[in-house]
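There are 2 protein chains.
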Amino acid sequence: MQKSAIRISPFVVERLTRYLIFMQLGGQRGKEWISSDTIAKAMGLTSSTVRQDISHLPTPCGISKKGYDVKRLAAALTDVLGIETVKQAVIVGAGNFGKALFLHEEFLEQGLRIAALFDNDPGLIGIMVGGARIRDVAELDGYAEKNGVDIGIIAVPAEAAQHVADQLVAAGVKGILNLSTCDVRPTGGVPVVHSRLILDILNLSFKMKYNQVNGKTFAVT
Amino acid sequence: MQKSAIRISPFVVERLTRYLIFMQLGGQRGKEWISSDTIAKAMGLTSSTVRQDISHLPTPCGISKKGYDVKRLAAALTDVLGIETVKQAVIVGAGNFGKALFLHEEFLEQGLRIAALFDNDPGLIGIMVGGARIRDVAELDGYAEKNGVDIGIIAVPAEAAQHVADQLVAAGVKGILNLSTCDVRPTGGVPVVHSRLILDILNLSFKMKYNQVNGKTFAVT
Numbered sequence: 334m335q336k337s338a339i340r341i342s343p344f345v346v347e348r349l350t351r352y353l354i355f356m357q358l359g360g361q362r363g364k365e366w367i368s369s370d371t372i373a374k375a376m377g378l379t380s381s382t383v384r385q386d387i388s389h390l391p392t393p394c395g396i397s398k399k400g401y402d403v404k405r406l407a408a409a410l411t412d413v414l415g416i417e418t419v420k421q422a423v424i425v426g427a428g429n430f431g432k433a434l435f436l437h438e439e440f441l442e443q444g445l446r447i448a449a450l451f452d453n454d455p456g457l458i459g460i461m462v463g464g465a466r467i468r469d470v471a472e473l474d475g476y477a478e479k480n481g482v483d484i485g486i487i488a489v490p491a492e493a494a495q496h497v498a499d500q501l502v503a504a505g506v507k508g509i510l511n512l513s514t515c516d517v518r519p520t521g522g523v524p525v526v527h528s529r530l531i532l533d534i535l536n537l538s539f540k541m542k543y544n545q546v547n548g549k550t551f552a553v554t
Numbered sequence: 334m335q336k337s338a339i340r341i342s343p344f345v346v347e348r349l350t351r352y353l354i355f356m357q358l359g360g361q362r363g364k365e366w367i368s369s370d371t372i373a374k375a376m377g378l379t380s381s382t383v384r385q386d387i388s389h390l391p392t393p394c395g396i397s398k399k400g401y402d403v404k405r406l407a408a409a410l411t412d413v414l415g416i417e418t419v420k421q422a423v424i425v426g427a428g429n430f431g432k433a434l435f436l437h438e439e440f441l442e443q444g445l446r447i448a449a450l451f452d453n454d455p456g457l458i459g460i461m462v463g464g465a466r467i468r469d470v471a472e473l474d475g476y477a478e479k480n481g482v483d484i485g486i487i488a489v490p491a492e493a494a495q496h497v498a499d500q501l502v503a504a505g506v507k508g509i510l511n512l513s514t515c516d517v518r519p520t521g522g523v524p525v526v527h528s529r530l531i532l533d534i535l536n537l538s539f540k541m542k543y544n545q546v547n548g549k550t551f552a553v554t
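Line by line, the protein sequences are chains A and B.
Okay, so the first sequence: first residue is 334 according to this note's numbering, each after it adds one.
Okay, so the second sequence: first residue is 334 according to this note's numbering, each after it adds one.
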């Protein structure tokens, strides 16, 4: 196996995820080729950033003057982002948000099968959500082992988030998506991504206050 | 009014939003003072980054050796992020995700009152969600004007997102939170923030593939 060390910053990774979504939509619309200019314009980036980011991918996906092959680029991004195989996920927290995520259709498109929903509230355990029973979080260990659960999704209130993260790690998950507003600490070498829905709202508020339309640096006076 | 031009990059703004959430949680736990070290450790940052970011705020919030006054820092962040007054928001898209967001409790804490839920599906219009009736998107214009709606939240499938963005701008919203996976283009000078729930999943997948625990630059081989 050829080894070529490529250094990718988290900002590049974040842009690669956006390119993939864009390729998936482009592919659905039947487009076969797409230019770095088109991608750049849709994302508010420069085309040289787009070209540089995509040059990090191990497979070449572009042809001069034609642009990028949409299917090939989508496949290369899928590969580098590690979503070529479907992962099993569980959600802990069966409140409104947890239930909605459990029913959300778009996860499977991104290689995530949400297999079960857990809570510790006796008033919720046993209730049916979209054909599945809300399970007792006490069953988490056995369930995760038996079903090869890869990812744990935290959808509990902030004050319970770290405890749930620890429970998920103990149950053997290999990655955590934290949807609570509390930054949980990774334990046992398990990667954590903090979802930013609430932060996005604050970010929008800031942009509205200073009427900031593009993502450029700007002056607060 | 004193004018002091401070340049703040989008990355600083993103961190300021995280500090605010952290202060709110700290405040709930009764903490009065917090050090840049504590903040840095919880967020995987260096304390000099934290100090530099907070030094952008117009109000001084720290005392040497004591750290930052939690309440004062939260107030300064609330002010700079523009959430000191409650904004009225509407959601367009009454699918599972839109309904869940409508019922989500945490928005109001961040100054966002979700006033109404719209859809264009006759099978959904009129159905009650948490005490409110799903409204016809055809009523959006009149509703927004009458109720002083500030923010439009897009929770429709990707292919309908740009059209809904245009409808929201036409109805007079001053900011858009886009929860679809399609990057919508800002029109008429209205700021847009793209939510990254799906991107977060891809990001986690990438981190799991390369076993990346912290946010540092790393090598793909």
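No wet-lab data here; the hints were simulated from the structure.
Don't take every hint at face value.
The list cannot tell twin chains apart, which means a pair is met if one copy fits it or any two copies do.
Unchecked claim - Below, simulated DSBU-like cross-link-like pairs (lysine-lysine); rule was C-alpha separation at most 35 Å, straight line: (1) 364 / 542; (2) 479 / 399; (3) 542 / 374; (4) 542 / 479; (5) 542 / 404; (6) 398 / 542; (7) 364 / 374; (8) 399 / 542; (9) 507 / 399; (10) 542 / 507; (11) 398 / 507; (12) 479 / 364; (13) 398 / 479.
These numbers were taken from a predicted model, which means no experiment stands behind them.
Structure-based check of each hint:
no., hint, result
1, 364 / 542, "between (38 Å within a copy, 29 Å between copies)"
2, 479 / 399, "neither (48 Å within a copy, 50 Å between copies)"
3, 542 / 374, "both (25 Å within a copy, 30 Å between copies)"
4, 542 / 479, "between (50 Å within a copy, 22 Å between copies)"
5, 542 / 404, "between (40 Å within a copy, 22 Å between copies)"
6, 398 / 542, "between (42 Å within a copy, 33 Å between copies)"
7, 364 / 374, "within (16 Å within a copy, 45 Å between copies)"
8, 399 / 542, "between (41 Å within a copy, 31 Å between copies)"
9, 507 / 399, "neither (40 Å within a copy, 38 Å between copies)"
10, 542 / 507, "between (40 Å within a copy, 10 Å between copies)"
11, 398 / 507, "neither (42 Å within a copy, 39 Å between copies)"
12, 479 / 364, "neither (42 Å within a copy, 42 Å between copies)"
13, 398 / 479, "neither (51 Å within a copy, 51 Å between copies)"
Checked against the numbered hints above, the structure breaks hints 2, 9, 11, 12, 13 and satisfies the rest.
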